[in-house]
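Enquirer: Here is how the chains run, residue by residue.
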Amino acid sequence: MAIKSHKNGFGFATKSLHWVMALLILSAFTIGWYMDLLPLGMAKLEWMSRHKSLGVTILTLTILRIVWRLCEPTPQALSPHKLERVAAKLGHLGLYGVMIAMPLSGWMMSSAANFPVSVFGLFTLPNLVGPDKELFETLRTVHWALSWAIVVLVGTHIAAALKHHFIDRDATLRRMLPAGAKNTATKSVKEQSNV
Amino acid sequence: MSENLKNILKAGVFASVIGFASAAQGADAWVVDADDSEIEFTGTQLGAEFEGEFKTFDATIVFSPDDLAGSSVSVLIDIASVDTQNGDRDSQIVSPDWFDAGQWPTAKFVTKSFSEIAPGKYQAVADLTIRDVTREVTLPFDLEIKGNEAEAKGVVTIKRTDFGVGQGEWTDTAQVGDDVTIEIDIEANRK
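As given, the protein sequences belong to chains A and X, one line each in that order. Okay, so the first sequence: first residue is 1 according to the working numbering, each after it adds one. Okay, so the second sequence: first residue is 1 according to the working numbering, each after it adds one.
Mixed in with the good hints, there may be bad ones.
[Stated by the list, open to error] Across the chosen pairs, the derived CB separations fall in these ranges:
1) X/Ser-91 with A/Leu-125: 24 to 30 Å
2) X/Gln-167 with A/Thr-60: 34 to 40 Å
3) A/Thr-60 with X/Ser-113: 27 to 33 Å
4) A/Gln-76 with X/Thr-173: 53 to 59 Å
5) X/Glu-169 with A/Leu-93: 41 to 47 Å
6) A/Trp-19 with X/Gly-102: 51 to 57 Å
[Claimed, not checked] Listed next, the in silico DSS-like pairs over lysine-lysine satisfying Cα-Cα at most 27 Å (straight line):
7) X/Lys-159 with A/Lys-44
8) A/Lys-133 with A/Lys-44
9) X/Lys-112 with X/Lys-146
10) A/Lys-133 with A/Lys-82
11) X/Lys-153 with X/Lys-121
12) A/Lys-133 with X/Lys-55
[What the hints assert, rightly or not] Taking beta-carbon pairs under 10 Å as the criterion, some of the chain X residues facing chain A (in silico):
13) Ala-48
14) Phe-50
15) Gln-85
Since the hints were made in silico from the structure, they are not lab data. Keep in mind it's a predicted model, so treat the numbers as computed, not measured. Using N, Cα and C, we set each Cβ at its ideal position, and we do this for glycine too.
Let the sequences and hints guide you as you build the complete structure.
Expert: What follows is the structure, given as structure tokens:
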């Protein structure tokens, strides 16, 4: 498998980033909701620490991913409907948006709470804003609202992938799988099985 | 008795009274300027440093560089006045697991001796009492006296667990570090 994507298929780098980040986002999301339920104690602090470290990792990978995406061709969308292609584009833009905004709002929130972010205990990030209780409350609401935006965007993303796979029967989902199709851009599953 | 002799005697009496008075008075008393004075601290949480301060404290200062033996400083710190710019954390700090401000509302710093380590640099050996634990600490500080105004700045690092700050699960220092650096910046006026 090539490192870089081409017009009809995803490369190793993009596939790896996609699935590693999917796992990290799922972990950060689950920990985020779990730690919020914990009473103020050692366990809560430990989970917050992990959540923040994961968030910073996601932010770093997102930047890497965007830079990488701009450096390689993006495989063509497979839907024959323009509306679907536009919706997919918007959905992906939205996903990139929350992958940046979510960790960034968390980082700012930590700064406003005078609770600087340490990344896996290795180093501490600089504070983005000074301690500010009002700003903290605002950012907490933003962070919370973004978590629901993620639910909607990721939910739609998964639903769309499944729709392509089971209803349209095209290669959209398969070509993102680790050992997925290499060059199936224009052929649907049905067409392939007929070949 | 000649006028001259009388004057000399008067001057002598006057001088001895002054001398006696200043000896009895000893070191100078100072009044802290609360607005310009700060007791700050830096702790670590989840591996990252955060700063806070105790906003209310009361200091009794008697100090003269030329009478260190007669100098003394006593500071009472109001634990409930803690401010780390985080409501959750501030409410934790005063809770029973930490400073237990309900039971021990003040921390005390009482000097036992002073020594000069360099011109303008001194160190105080003092008893620091937090909760029900008293331990000796050495606080080095820079002192600048300009006329009737003085400013002292010093830093000392203590271990929170030495004072029982952090009970139960919090005796573990993995998430909340043991070392706490206390930084004082005190401005005072001569009484």
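Enquirer: Does each hint hold? Answer for all of them.
Expert: Consistency of the hints with the structure:
no.	hint	result
1	X/Ser-91 with A/Leu-125: 24 to 30 Å	25 Å, holds
2	X/Gln-167 with A/Thr-60: 34 to 40 Å	38 Å, holds
3	A/Thr-60 with X/Ser-113: 27 to 33 Å	53 Å, violated
4	A/Gln-76 with X/Thr-173: 53 to 59 Å	55 Å, holds
5	X/Glu-169 with A/Leu-93: 41 to 47 Å	44 Å, holds
6	A/Trp-19 with X/Gly-102: 51 to 57 Å	52 Å, holds
7	X/Lys-159 with A/Lys-44	23 Å, holds
8	A/Lys-133 with A/Lys-44	20 Å, holds
9	X/Lys-112 with X/Lys-146	25 Å, holds
10	A/Lys-133 with A/Lys-82	46 Å, violated
11	X/Lys-153 with X/Lys-121	10 Å, holds
12	A/Lys-133 with X/Lys-55	17 Å, holds
13	Ala-48	4 Å, holds
14	Phe-50	5 Å, holds
15	Gln-85	3 Å, holds
Figure legend: structure checked against the earlier numbered hints; hints not met, in rising order: 3, 10.
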